[in-house]
Amino acid sequence: MLSLLKKLTAGAPVPAPVQPEAPAAKVDPYMLGLHDAILSGWFNQQTGELFTGFPVTAEDTLLDVGCGDGGNVHFCATRGAKIIIADIDAAKVEATRQRLSDTIAPSVECHVTDCNPLPIADATATRVVSTEVIEHVDDPAQFLAELVRVGKPGALYLLSVPHPSSEDLQKDIAAPEYFQKPNHIRIISEEQFKQMVSDAGLELISHSQYGFYWSMWMLLFWEAKVDFSNADHPLLNHWADTWQAVLDSPRGAQIKQALDAVVAKSQVIIARKPLAE
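Each residue of the sequence shown is one higher than the last, beginning at 1 in UniProt numbering.
Calculated directly from the structure, the hints in this document are not laboratory data.
A hint or two may mislead.
[Said to hold, decoys possible] Under the rule of at most 25 Å between Cα atoms (straight-line distance), these lysine-lysine pairs were calculated in the BS3-like manner:
hint, residue 1, residue 2
1, K26, K256
2, K152, K181
3, K181, K194
Throw the hints in and build the complete structure from the sequences for me.
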């Protein structure tokens, strides 16, 4: 075959050297994750919804329990809501307080607390947010009871926990401490999550899931054995490139939706505290 190719190409003009293309810009896996979350219904600037079905306005007093790095509450502060943050980690509370200093939030109240109980008066908040926290706490029923107590009648709740499809995927791959206190001490099924929220006295409005991208990223993260704050590794970089290519494809949104339905990083419930009779 090689000799035949040589004969066929003998005397053919030598092709001009191909100029190498400029290297494509590196995909930032965290920014891609943010973009993926926006596609899933988070941080809607047009509608003012933190998540689909959870609008936030300047009329609201919003409490974020387990505020973490403040990404969720920052969006709400830019809507002009009064803000209350609570977290067991004093450094995170302070970092979030500083992050909110340049927003239009009329007030920012901060609490370092284990939420047992919350140092907040009954019927304070019109919006209550607690994302990826319940899987960490010793007594989910007590924790949810506190969230319900501090919400006004009619208050909306945005709650999320890891989806079992992703947690089951990590079981034999993740570092052992991932499933040890103070990290994830329980895996919560869809039915268990809905029952927890219902038993707390809240009315379920919606239950959804998202985050195939992050589920796969986390799986590869354990294999890469890098530090979370500097997660630079070919496995993770190639995965980000691949997911960006998927989203950019003609049916990218449809593929994302199908994969989110199979393996999701998180499940999200929107609920309401009943109006007082």
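> For this structure, which hints from the list above don't hold up?
Replying inline: Number 2 only.
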